[in-house]
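Residues in the sequence shown are numbered from 1 upward in steps of one, following this note's numbering.
Derived from the structure by calculation, the hints contain no laboratory data.
Cβ coordinates follow ideal geometry from the N, Cα and C atoms, glycine included.
What you were told as hints is all true, and nothing was included just to trick you.
Mimicking SDA-like on lysine to any residue, the simulated pairs with C-alpha atoms at most 20 Å apart in a straight line are: (1) K219 to P197; (2) K219 to E78; (3) K219 to L89; (4) K219 to S198.
Here are the simulated distance ranges between beta carbons: (5) G58 to P197: 26 to 32 Å; (6) T57 to A140: 37 to 43 Å; (7) R92 to E52: 17 to 23 Å; (8) T76 to P197: 19 to 25 Å.
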Amino acid sequence: MSSPLQVPRMRATARRVKAGGERFLGGVLPGSSSRRLREAAFADDWAAANMEARAATGPLWVVLGDSVSQGIGATTREVGYVGVVHELLRRRDAWRVVNLSRAGAGVADVLGRQLPELAALTAEQPAALVSCIIGIEDVARRTPGLDTSLRQVIAALPTGSVVGTIPRIGSGRPNPALDSVIREEAARHQLRIAELPSNPGRGRDHSILGDVGHSAWAKAVIAAIDGPPAEIASTTDPAIPVVPAVPDPS
1 MSSPLQVPRM RATARRVKAG GERFLGGVLP GSSSRRLREA AFADDWAAAN
51 MEARAATGPL WVVLGDSVSQ GIGATTREVG YVGVVHELLR RRDAWRVVNL
101 SRAGAGVADV LGRQLPELAA LTAEQPAALV SCIIGIEDVA RRTPGLDTSL
151 RQVIAALPTG SVVGTIPRIG SGRPNPALDS VIREEAARHQ LRIAELPSNP
201 GRGRDHSILG DVGHSAWAKA VIAAIDGPPA EIASTTDPAI PVVPAVPDPS
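Using the sequences provided together with the hints, build the complete structure.
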C-alpha cells in the first residue's frame, strides 16, 4: 500500500515525465499544458516535503508566495531559490521548511489563503522564520489597489519576517512606488527586506527565473535573513497610518 508521502511523489514523477514527453515530441500539445504539468509536479513535490517537515523537529521556515517560491523555472524543486536557501540553512541547524506558496498566486491569495494557513500552522508554536515574496503576478495583471493590499500583507506578517522587493521582469517597468510601500511598511513592522535583482535570466517556457535567477534570489534572501530589520528612513512620512493586521477569520 502506498504511504501518504508516496502518492504526491508518484504524481509528481508522472507529470514531469509527461511534460518532458511533450517537449520531446516537439510540442504536440500546447506549451501551456507542459507548464501546467510542471507546476502540478512541483506542487506535489512540495506537498510531500511539507508533510515530512511538519512531522520533523527543528527551526521552522514558512514560505508564502507565488510560482517563483514554488521553484517554477528551475531545473528541479531543490534548485529553486527556496530549495537553495533551505540547504544553506540546514548547514547551520536542522531547519525545516513548509512552503505554502502557490503557482499563479497574487496578493489576494496570500491574504485570503496563505496567511490563514500560516496562522493555523503556527497556532501552537511560532515559526522561526517567515518569508513572503509576492506581487510580480499582480503587476503583470495590473491588479487595482495593489499598494493597499501589500500594506495589509506586510502588516499581518510576524516581526522579523523577510519580504521581497518587486523586481523588473523582461521589458516591464521598474516599480519604485510599490518598492517604497514595501520598504515603509517593512520598517514600521520590523521586517527584513530582500532586495531582489531584476532580469537575472528567464527559465523554461519563459518562466520568470531559471536556475541562475533562482540562485541570485537565494543570495538576496539569505542576505536579508542574516541582516537587520529595516529602519524608517528620515524621508518617511510619519503621517501614513499603519494598516492593522488582517483579522483571524476564525
